[in-house]
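K.L.:
In order, the protein sequence lines correspond to chains Z and R.
Everything in the first sequence is counted per our numbering, starting at 1 for the first residue and increasing by one.
Everything in the second sequence is counted per our numbering, starting at 1001 for the first residue and increasing by one.
Just so you know, these hints were derived from the structure itself, not from any lab.
One or more of the hints may lead you astray.
Computed footprint of chain R on chain Z; a stretch qualifies when at least three of its residues, placed anywhere within it, have a C-beta under 8 Å from a C-beta of chain R [stated by the list, open to error]:
(1) 36-45
(2) 132-139
Here are some chain R residues the structure puts well away from chain Z; computed CB gaps all over 10 Å [to be verified]:
(3) 1117
(4) 1213
(5) 1304
(6) 1305
All values reported here derive from a predicted model rather than from experimental measurement.
Heads up, the beta-carbon is just placed ideally off N, CA and C, and yes, glycines get one too.
Each chain, letter by letter, is given below.
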Amino acid sequence: MQLTDRKKVVVKKEMSLMEKLYIPAITQGMTITLKHFFKKGATVRYPEVKREIAETYRGQHVLKRDEQGAERCTACGLCAVACPAEAITMESAERRKGEENLYREEKYASIYEINMLRCIFCGLCEEACPKEAIFLTDRIVPVSGNRKDMIYGKDKLVEDINHPIDLSYRQTKAVAEFKKDKTKAHNQTWKDKQNLIKEKSH
Amino acid sequence: MLIFIIYKTILVLLVFLISLGIAAYSTYAERKVAAFMQDRIGPDRAGPFGILQPIADGVKMFMKEEIIPTVSSKFLFILGPSLAMLTALMSGVVIPWGGHLTFGGQTFPLQITDINIGMLYVFAVVSFGVYGIMIGGWASNNKYSLLGALRASSQMISYEIAMGLALVALIMKTGTLSLGQIVAQQGDGLWNIFYQPLGFLIFLICAFAETNRAPFDLPECETELVGGYHTEYSSMKLGFYLFAEYINMFVSSAIISSLYFGGFNIPFQSHFGFDGNLLSLLQVVFFFGKIFFFIFFYMWIRWTIPRFRYDQLMFLGWRILIPLSILNILVTGVIMMRHEIFYYLSNIF
């Protein structure tokens, strides 16, 4: 079966005198290298200059908080199941009384680790997450001298409560529209839920 | 007499330091040229545009641990790089760097010594250079080193013949072995390249082989022989070998430009009307311009042409360059004796 028409039959023919002299070929090669000599290099001087990256660039992960600052992750483990590189591990814990401002739902991840050496930054965890807890950001994972430092725990993954990372641009219009609908349980914060319960009991 | 000795000492020291400086910056230039030809930037971290890179490299070389293999022959192991460096530096002695300087009625030639067998001396010293590689490679007691040394010696011996024969034609034309006189002859007339184009080509190719530069860098080809003859070397002894190669490159560039490109002569220099000292200094600058061009040419070739296979190298040396250089001698001889031949033939017929 012929897949492409790029097949080329190689003929081993005797070289002509000009080809045997090699000098024309060498001068030809030298003009090519000289042309490249005056060409601008393609190098980006990384720490000083940063390459422009796509809006949907998949870099270091972030574990999002909701509007009240509570962690969204419920340790369901879907991200870990979806992960093709098996880079994610977690341990779940039950939320205690008085921790409602810390964790959005009754169950949360007490340990959440991503091995950045295993991660292939495919973004399947982001897709799998039903709670909009994990996102990939445009941050580049910094290098490290040892493997232990490359296992990122919650200290590095959960977003800073004072500096939330805006990822709304990563969402499609349909999702953004859906998120406005507060009657859907997915979009309700803990306080919304409490209010709803109160309304119902009245 | 005392002034003479002091002057010569200063000149020797100057040539020595300049050779080392140029060799050091050749390493930088090589990396930059390679980078530009491959659309990269090259070293640019140490100082502005990375011009302090050779110093950083030198410090690194000195700081490295010095390893002498226990199975090696220690005396020869140290002698190898020393010889390579010595021979590389020695050949700069006969090169005329410029005209004369005149101070207080005394003339000082800008050439350390103009011995009348200058070219022969260069040849002797250059062929001596193979001993550095041979001894170092053999003393390492390592297969790769020995193979590299073997390749180096056979390559150098093969190409020396063609190089010498190419020079014979030039010497027939100039009638002298003294480098000073060869350069002086080109002062007013045409450069020797116009009389000896084929000879120049052969000489150039052989110079590449003699300095172990690409495409003839078989003695140290990384893909086959790890590091070739300097596999076992470390620290500054390795640095000496690498340095010697760059000094050789510098010296052979100087010799190529002296023999075929008019040396320190500036074209139409007698029409400018500069006085003695200024003209001499300009000549030095011009000469270094020519040398830098050839050093660049060496690098240009290195990053253009892939390495020869060993049998191709031997084929080129023995079956192409040597017959060609003999043909070159014949043609030169016929052209030089054309009147006599014509006279002889007209007597017959």
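K.L.:
Are all C-beta atoms of chain Z more than 10 Å from that of residue 1304 of chain R?
P.N.:
Incorrect as stated: the minimum Cβ-Cβ distance to chain Z is 5 Å, not above 10 Å.
K.L.:
Does the no-contact call for residue 1213 of chain R survive, Cβ to all of chain Z over 10 Å?
P.N.:
At about 14 Å from chain Z, residue 1213 of chain R clears the 10 Å cut-off, so the statement holds.
K.L.:
How does the stretch 36-45 of chain Z fare against chain R when you require at least three residues with a CB closer than 8 Å, holds or violated?
P.N.:
As far as the stretch 36-45 of chain Z goes, the hint holds, because 9 residues have Cβ atoms under 8 Å from chain R.
K.L.:
Can we confirm that no CB of chain Z comes within 10 Å of the CB of residue 1117 of chain R?
P.N.:
About 33 Å separates residue 1117 of chain R from the closest Cβ of chain Z, which puts it past 10 Å; holds.
K.L.:
Between the stretch 132-139 of chain Z and chain R, see if three or more residues pass the 8 Å beta-carbon test, and mark the coverage as holds or violated.
P.N.:
With 0 residues in contact (Cβ-Cβ under 8 Å with chain R), the coverage given for the stretch 132-139 of chain Z is violated.
K.L.:
Beyond 10 Å from every chain Z Cβ: check whether that's true for residue 1305 of chain R.
P.N.:
violated (6 Å)
Hints 2, 5 and 6 from the earlier list are contradicted by this structure; the remaining hints agree with it.
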